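Novice: Spelled out from the first residue to the last, the chains are:
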Amino acid sequence: GESVGLHLPTLSVQEGDNSIINCAYSNSASDYFIWYKQESGKGPQFIIDIRSNMDKRQGQRVTVLLNKTVKHLSLQIAATQPGDSAVYFCAENRSWFSGGYNKLIFGAGTRLAVHP
Amino acid sequence: EAQVTQNPRYLITVTGKKLTVTCSQNMNHEYMSWYRQDPGLGLRQIYYSMNVEVTDKGDVPEGYKVSRKEKRNFPLILESPSPNQTSLYFCASSPTAGGAPDTQYFGPGTRLTVL
Numbered sequence: 001g002e003s004v005g006l007h008l009p010t011l012s013v014q015e016g017d018n019s020i021i022n023c024a025y026s027n028s029a030s031d032y033f034i035w036y037k038q039e040s041g042k043g044p045q046f047i048i049d050i051r052s053n054m055d056k057r058q059g060q061r062v063t064v065l066l067n068k069t070v071k072h073l074s075l076q077i078a079a080t081q082p083g084d085s086a087v088y089f090c091a092e093n094r095s096w097f098s099g100g101y102n103k104l105i106f107g108a109g110t111r112l113a114v115h116p
Numbered sequence: 001e002a003q004v005t006q007n008p009r010y011l012i013t014v015t016g017k018k019l020t021v022t023c024s025q026n027m028n029h030e031y032m033s034w035y036r037q038d039p040g041l042g043l044r045q046i047y048y049s050m051n052v053e054v055t056d057k058g059d060v061p062e063g064y065k066v067s068r069k070e071k072r073n074f075p076l077i078l079e080s081p082s083p084n085q086t087s088l089y090f091c092a093s094s095p096t097a098g099g100a101p102d103t104q105y106f107g108p109g110t111r112l113t114v115l
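Keeping their order, the protein sequence lines are chains A and B. According to our numbering, the first sequence holds residues 1 to 116 in order. According to our numbering, the second sequence holds residues 1 to 115 in order.
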């Protein structure tokens with residue numbers, strides 16, 4: 001597998017439990033925020049995003065919460081499954097800053113380990 | 001199948017030996033970019049391209065070159081690789097530069113080691 005996860009914080013959960021992965025972002029003017037999942041040997045895969053004018057968005061088994069007061073983003077995964085084991089990245093998008101194109105700033109990532 | 005492909009997937013080379021990592025997408029996307037991923041740092045953008053013959057520097061462009069002669073291809077060139085370029089590289093593409101985030105696709109990655 002890839003070594004990018006060796007220095008990452010790790011969240012260990014039991015299969016079936018809910019997982020919460022946290023992320024702090026830096027720029028209060030970012031226009032939306034994205035969560036990516038990266039499995040070993042693969043590129044990042046889009047999970048869910050949330051616009052800066054929202055505070056909650058739900059997808060299938062996932063919920064993203066945005067707290068702009070403290071610049072905090074979280075990803076909640078319900079009923080975590082072994083297939084959820086991966087590295088999760090948050091990213092903030094600053095299209096206003098870059099003149100209209102998507103400028104992604106990635107966090108360092110969190111490894112989620114799901115145990116049976 | 002819609003995809004971004006990169007070659008090679010793994011490469012070990014020596015300092016100073018020029019190399020090219022290819023990236024190709026089959027989705028007719030206008031926007032393509034290269035990132036490097038290092039432990040504890042997430043992904044950082046190296047270069048991006050808005051369309052054919054339009055490229056610009058990202059956050060960490062030093063030591064890299066790119067070209068965009070065709071819409072589908074966006075090769076990353078290391079003219080004189082150094083050990084600090086040892087990293088995991090990802091190519092990404094999306095329909096347009098300002099498209100929705102769920103329309104961006106990442107390639108599988110290229111693990112480069114420079115000795």
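Simulated from the structure, these hints should not be mistaken for laboratory data. Model, not experiment: these values are computed from the prediction. Note that the Cβ used here is the ideal one computed from N, Cα and C, for glycine as well. Keep in mind that the hints are not guaranteed to be accurate.
Stated by the list, open to error - Chain B side only, calculated, beta carbon under 8 Å to chain A, not exhaustive:
hint : residue
1    : G40
2    : L43
3    : V52
4    : V54
5    : E62
6    : G63
7    : Y64
8    : G98
9    : P101
10   : Q104
11   : F106
12   : G107
13   : P108
14   : G109
Novice: Each hint should be assessed against the structure and marked as holding or not.
Specialist: Structure-based check of all given hints:
1. G40: holds (4 Å)
2. L43: holds (4 Å)
3. V52: With a closest approach of 16 Å, the B/V52 hint is violated.
4. V54: violated (11 Å)
5. E62: violated (19 Å)
6. G63: Constraint on B/G63 not satisfied, violated at 20 Å.
7. Y64: violated (18 Å)
8. G98: Constraint on B/G98 satisfied, holds at 5 Å.
9. P101: holds (5 Å)
10. Q104: holds (7 Å)
11. F106: With a minimum Cβ separation of about 3 Å from chain A (threshold 8 Å), the hint on B/F106 holds.
12. G107: Holds - the Cβ of B/G107 comes within 8 Å of chain A, reaching about 5 Å at its closest.
13. P108: Where the cut-off is 8 Å and the nearest Cβ of chain A is about 5 Å from B/P108, the hint holds.
14. G109: Holds. Min distance 6 Å.
The structure fails hints 3, 4, 5, 6, 7 (numbered hints given earlier, in ascending order).
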